[in-house]
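J.: Each chain, written out:
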Amino acid sequence: MSGVSSADTPAAAASLPSLRARTFTIIDVAATALFGIEGAAAAVHAGLDVLGVLVVGFVVALAGGMLRDVLLGDLPPAALRTPSRIITAIAAAAAAFLVVGVVDAIPGGVLITLDALGLALFAMTGAEKASSRGANLWVVTILGGITATGGGVLRDVLLLRTPVVLTESVYGTAALAGALATGIVMSFTRRPRTAMLVGFVVAFSLRMLAVTFGWQLPRAL
Amino acid sequence: MSGVSSADTPAAAASLPSLRARTFTIIDVAATALFGIEGAAAAVHAGLDVLGVLVVGFVVALAGGMLRDVLLGDLPPAALRTPSRIITAIAAAAAAFLVVGVVDAIPGGVLITLDALGLALFAMTGAEKASSRGANLWVVTILGGITATGGGVLRDVLLLRTPVVLTESVYGTAALAGALATGIVMSFTRRPRTAMLVGFVVAFSLRMLAVTFGWQLPRAL
Amino acid sequence: MSGVSSADTPAAAASLPSLRARTFTIIDVAATALFGIEGAAAAVHAGLDVLGVLVVGFVVALAGGMLRDVLLGDLPPAALRTPSRIITAIAAAAAAFLVVGVVDAIPGGVLITLDALGLALFAMTGAEKASSRGANLWVVTILGGITATGGGVLRDVLLLRTPVVLTESVYGTAALAGALATGIVMSFTRRPRTAMLVGFVVAFSLRMLAVTFGWQLPRAL
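Residue numbers (the working numbering), protein chains in the order written: chain A, 1 to 221; chain B, 1001 to 1221; chain C, 2001 to 2221.
Note that these hints are calculated values from the structure, not bench results.
Wrong hints could be hidden among the right ones.
[To be verified] Among the chain C residues that face chain A by a calculated CB cut under 10 angstroms, a handful are:
#: 1; residue: Asp2049
#: 2; residue: Leu2051
#: 3; residue: Gly2052
#: 4; residue: Val2055
#: 5; residue: Val2056
#: 6; residue: Phe2058
#: 7; residue: Val2070
#: 8; residue: Pro2076
#: 9; residue: Arg2081
#: 10; residue: Ile2087
#: 11; residue: Leu2160
#: 12; residue: Val2164
[Unchecked claim] Chain C regions said to be covered by chain B (calculated; three or more residues, Cβ under 8 angstroms):
#: 13; stretch: 2131-2140
#: 14; stretch: 2213-2220
Note that CB positions come from ideal geometry on N, CA and C, so glycine has one too.
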């Protein structure tokens, strides 16, 4: 049990709900903003006007989590119950639109790292939510993967591209592995923060290692 | 309070529900038929057979409202609770299939005006529904926009086109502006018919002005 | 009433629920595996890696039924409530990935027949589920059609192809006809197994006849 943060000890249990809610909120804002910026940058380079940029930023940031909530039957989706996530996504996309030159000046390696961060954050929060609602481990893994990659898939469909998750090796795989790790730790320990931490490390590490070493998944033909 | 229709005065409040329901029904039938015809015409010109034409007409007419209802958690979607909207959409698409020569003979300006009518009608009804269910102003605006443009987005995805809402300047913008106006008037007056009238005028005017004067939204690059 | 199987007689009514559940399960497993194999084969030939193959197999096998359940408000979708359908779809897709040479060696006529079987099975189970929940005949027909063809539509959208249901004559039509037949028999007899049998025969026969004789639906232009 070493490596378990103090907030996971029984003594801290009373304050866990608010702590967990606060941790969740910070993570969600961070991942939402990251994906909103990325979506907006992709839309700018696809030649879309400012509305198209805001729409694609919104979609990349929030559609994955909204699809997860639809499939869980948790409606309206969490992203639509308060304005905070919507404002985060749209503000991030608007900022990226205004300073797209700055975004473009970010080195590719930094962008890939930020994207891997968002991917890992969403995979673990999506998996944790599904797990805390009693979903089986298959569904926890799949919904974590959908939370992390669903927005990007919809972006690619709207921009008429083959979805990155189907072509980029070890992208969806990293999200699914992180979600699976989150689900396994959840089912053994019932400690959401530990589970999310493990899932985050698995997803982020796997994605970064795959990019660094050019790992590819096998093909049949 | 000048400009407020008599049905919005307190004296008329008792009959408002049925009046509102009837107004809603007439508007919905009109907008559904308009979008069903448009979707069918697009499918005919894409070379689809009669089933494809009916499917695309159905999608353009009803998918936006169905997506709104999924996100509101109002399931099954209103369009599927009675046969009336389904029959309207399919009958309109079938009629367009049979007399596509007549539809094609309609001058472009008339078609754009009819499309703007459908856009404005769906934007305001979608916004009013979200608002009456207690959604915040951001969600009211977004769901009004989705109601008005979601069917067209799905049509473009199915026909492998970049969605019009991402490329046509001031199309989605008009829908969102009308939905926002509906939401603002709703939150200040709680008078659905006034709010919908204002939203309709905003969306329709903005779209027609943009088409007439060739307004474009800014691009970043 | 001749032609009604003995399980539909009043004497057998007591055991009908479990019989129906078992029949349903067998049919669902068969149709899910068939569509999972087909989706995986399509993904292999599109050059996707093993994750892409599993994703597309999962989508083709389960997305239609999941969309049906979202629109019925039956959430989480049945496919996500137990691991069985998920495992079936993924195992079938994995098997197809491993022995794609074997799948490719299957004669085209056999593949078309297997696909028609899956189409007919999903059309009738989708229609029966919608009907047993009190949906009107239009919705029963549409949801049967969505159950049967929704996964294939999503596959084509992800692989940037025009959906087969919009281009292949008498594919969606066969599904809709089978669903309609199921709905009509359900509303007259309230015997699910008879209704599903009739719907299956209608959908499967119509699809196979259309393929055999090259039937086409009319086009407007």
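J.: Run every hint past the structure and note whether it holds.
T.: Hints, one by one, checked against the model:
With its C-beta approaching chain A no nearer than about 4 angstroms, Asp2049 of chain C sits inside the 10 angstroms limit, and its interface hint holds. The interface hint given for Leu2051 of chain C is met, as the beta carbon of that residue sits about 5 angstroms from the closest beta carbon of chain A, less than 10 angstroms. Checking Gly2052 of chain C against chain A by beta carbon gives a least distance of about 4 angstroms; that is within 10 angstroms, so the hint holds. Hint status for Val2055 of chain C: holds, given a least beta-carbon distance of 6 angstroms to chain A, under 10 angstroms.
Evaluation of the Val2056 of chain C hint against chain A yields a held restraint, the C-beta minimum of about 7 angstroms falling below 10 angstroms. This hint holds: Phe2058 of chain C has a C-beta 8 angstroms from the nearest C-beta of chain A, less than the 10 angstroms allowed. Interface restraint check: Val2070 of chain C against chain A, minimum CB-CB distance 6 angstroms, threshold 10 angstroms, status holds. With 10 angstroms as the threshold, the beta carbon of Pro2076 of chain C comes within range of chain A, its nearest partner Cβ sitting at about 6 angstroms, so the hint holds.
About 8 angstroms separates the beta-carbon of Arg2081 of chain C from the nearest beta-carbon of chain A, less than 10 angstroms, and the hint is met. Using the Cβ-Cβ criterion of 10 angstroms, the hint placing Ile2087 of chain C at the interface with chain A is satisfied: the shortest such distance is roughly 7 angstroms. A cut of 10 angstroms between beta carbons decides the hint on Leu2160 of chain C: the least distance to chain A is about 6 angstroms, and the hint holds. For the restraint placing Val2164 of chain C at the interface with chain A, the shortest Cβ-Cβ distance is roughly 17 angstroms, beyond the 10 angstroms limit, so the hint is violated.
Counting residues of the stretch 2131-2140 of chain C whose C-beta sits closer than 8 angstroms to any C-beta of chain B gives 5, which meets the bar of three, so the coverage hint holds. Only when three residues or more bring their CB closer than 8 angstroms to a CB of chain B does the claim for the stretch 2213-2220 of chain C stand; here the count is 5, and the claim holds.
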